[in-house]
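Number of protein chains: 2
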Amino acid sequence: MDIRTELDQLIRDIPDFPRKGIVFKDITPVLSNSEMCLAVVAEIKNHFASVKVDAIAAIEARGFIMGGMIAHEMNIPFIPVRKAGKLPYEKIEQKYDLEYGTAIVEMHKDAIEKGWNVLIHDDLLATGGTAEAAGKMIQRLGGKVAGFSFMVNLSFLLGEDRLRKAFGTDTHYLISY
Amino acid sequence: MDIRTELDQLIRDIPDFPRKGIVFKDITPVLSNSEMCLAVVAEIKNHFASVKVDAIAAIEARGFIMGGMIAHEMNIPFIPVRKAGKLPYEKIEQKYDLEYGTAIVEMHKDAIEKGWNVLIHDDLLATGGTAEAAGKMIQRLGGKVAGFSFMVNLSFLLGEDRLRKAFGTDTHYLISY
Numbered sequence: 779m780d781i782r783t784e785l786d787q788l789i790r791d792i793p794d795f796p797r798k799g800i801v802f803k804d805i806t807p808v809l810s811n812s813e814m815c816l817a818v819v820a821e822i823k824n825h826f827a828s829v830k831v832d833a834i835a836a837i838e839a840r841g842f843i844m845g846g847m848i849a850h851e852m853n854i855p856f857i858p859v860r861k862a863g864k865l866p867y868e869k870i871e872q873k874y875d876l877e878y879g880t881a882i883v884e885m886h887k888d889a890i891e892k893g894w895n896v897l898i899h900d901d902l903l904a905t906g907g908t909a910e911a912a913g914k915m916i917q918r919l920g921g922k923v924a925g926f927s928f929m930v931n932l933s934f935l936l937g938e939d940r941l942r943k944a945f946g947t948d949t950h951y952l953i954s955y
Numbered sequence: 779m780d781i782r783t784e785l786d787q788l789i790r791d792i793p794d795f796p797r798k799g800i801v802f803k804d805i806t807p808v809l810s811n812s813e814m815c816l817a818v819v820a821e822i823k824n825h826f827a828s829v830k831v832d833a834i835a836a837i838e839a840r841g842f843i844m845g846g847m848i849a850h851e852m853n854i855p856f857i858p859v860r861k862a863g864k865l866p867y868e869k870i871e872q873k874y875d876l877e878y879g880t881a882i883v884e885m886h887k888d889a890i891e892k893g894w895n896v897l898i899h900d901d902l903l904a905t906g907g908t909a910e911a912a913g914k915m916i917q918r919l920g921g922k923v924a925g926f927s928f929m930v931n932l933s934f935l936l937g938e939d940r941l942r943k944a945f946g947t948d949t950h951y952l953i954s955y
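Line by line, the protein sequences are chains A and B.
Going by this note's numbering, the first residue of the first sequence is number 779, and it counts up by one from there.
Going by this note's numbering, the first residue of the second sequence is number 779, and it counts up by one from there.
Since the hints were derived computationally from the structure, they do not count as laboratory data.
Yeah, the Cβ is synthetic: ideal placement off N, Cα and C, and Gly gets one too.
A couple of the hints might just be wrong.
Within a straight-line C-alpha distance of at most 25 angstroms, the following computed PhoX-like cross-link-like pairs (lysine-lysine) qualify [as the list claims (entries may be wrong)]:
no., chain 1, residue 1, chain 2, residue 2
1, A, Lys887, B, Lys798
2, B, Lys864, A, Lys798
3, A, Lys798, B, Lys861
4, A, Lys798, A, Lys823
5, B, Lys873, A, Lys864
6, B, Lys823, A, Lys803
7, B, Lys823, A, Lys869
8, B, Lys887, A, Lys798
9, B, Lys914, A, Lys873
10, B, Lys861, B, Lys914
11, A, Lys803, B, Lys864
12, B, Lys887, A, Lys864
13, B, Lys873, A, Lys823
14, B, Lys798, A, Lys798
15, A, Lys861, B, Lys861
16, B, Lys803, A, Lys803
17, B, Lys869, A, Lys869
18, B, Lys823, A, Lys864
19, A, Lys803, B, Lys861
20, A, Lys864, B, Lys864
21, A, Lys887, B, Lys803
Partial pick of chain B residues on the chain A-facing surface, computed with a CB cut under 8 angstroms [to be verified]:
no., residue
22, Asp804
23, Leu809
24, Val819
25, His850
26, Pro855
27, Tyr874
28, Tyr878
To spell it out: a stretch of chain A is covered by chain B in this simulated footprint if at least three of its residues, at any positions, have a beta carbon under 8 angstroms from a beta carbon of chain B; those stretches are [claimed, not checked]:
no., region
29, 811-822
30, 864-870
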């Protein structure tokens, strides 16, 4: 079976989560299927095979899971992008807009070396606000955005356009809704 | 160099984090060292080689990172153990005591199959409260605790004794303070 068809059968729609009117894409059945995880991670590695990738920056918390798998598969450093107040060492922060209000993500100041090409990973691309904030922090730390990797893209939220305009790099996902 | 010596050189002490009087063990320099991550994950796999492990349950959020790597290395399902309100599907919860008050962790009801032997992973073992709560949920879902895996053990908090008394299984860690 095609990897997209299999993913579509595994990903579960949860109506009204985390709040009324939102249909949440639950990826936990994918994580429970180790052969599918191996296939997804292998496809991500293969997709970025022609790009120099020095590290992967993964976004808290769901992005940490497959981000860890990708770092392991590609044998590259794992860099956490965390919500405000979670990282213990010297850090920089980046604000971004939510539907109502703003949020903050943070990275350690010594998270990457200057000139590194960093792949940014999260489980799901919605509006792209968090991913764009992660990309901006990587640039502020002297790195380059090598591209973006997601398992799922919610295409109607136009996150791919936003990331292309902001960074001009490739956005890869396994399945789009 | 011995893996423990190298880990000890990488792990960073952060005084007064997350609050005054606590010395936080920052593992992010380990995650930035991909060869070290490969070595740690290989040692964990090797340690549990004689035990039947059907899945790994990893604890939010730092446990997700190396938990993902272990799931990938061992080719077994990844099961998230999350803080209250984060999991979208039908779930069970387990309360546990903190120094002041209580906390809750949750797992999906369909997270594991009956009879599965589940390895529980987190980055750091302190009092063992969260790990014990995860083990209880696995038992309530019809599974067995195959053992516990941590990168770091804070031995003066006696978490290892607590987990041995509660489950009688093996607790593995790479380095102890």
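Okay, the hints, checked on the actual structure:
no. : hint                   : result
1   : A:Lys887 with B:Lys798 : 22 angstroms, holds
2   : B:Lys864 with A:Lys798 : 15 angstroms, holds
3   : A:Lys798 with B:Lys861 : 21 angstroms, holds
4   : A:Lys798 with A:Lys823 : 36 angstroms, violated
5   : B:Lys873 with A:Lys864 : 22 angstroms, holds
6   : B:Lys823 with A:Lys803 : 31 angstroms, violated
7   : B:Lys823 with A:Lys869 : 33 angstroms, violated
8   : B:Lys887 with A:Lys798 : 22 angstroms, holds
9   : B:Lys914 with A:Lys873 : 39 angstroms, violated
10  : B:Lys861 with B:Lys914 : 15 angstroms, holds
11  : A:Lys803 with B:Lys864 : 13 angstroms, holds
12  : B:Lys887 with A:Lys864 : 29 angstroms, violated
13  : B:Lys873 with A:Lys823 : 39 angstroms, violated
14  : B:Lys798 with A:Lys798 : 40 angstroms, violated
15  : A:Lys861 with B:Lys861 : 15 angstroms, holds
16  : B:Lys803 with A:Lys803 : 34 angstroms, violated
17  : B:Lys869 with A:Lys869 : 35 angstroms, violated
18  : B:Lys823 with A:Lys864 : 29 angstroms, violated
19  : A:Lys803 with B:Lys861 : 18 angstroms, holds
20  : A:Lys864 with B:Lys864 : 17 angstroms, holds
21  : A:Lys887 with B:Lys803 : 17 angstroms, holds
22  : Asp804                 : 5 angstroms, holds
23  : Leu809                 : 4 angstroms, holds
24  : Val819                 : 7 angstroms, holds
25  : His850                 : 4 angstroms, holds
26  : Pro855                 : 4 angstroms, holds
27  : Tyr874                 : 19 angstroms, violated
28  : Tyr878                 : 18 angstroms, violated
29  : 811-822                : holds (count 6)
30  : 864-870                : holds (count 4)
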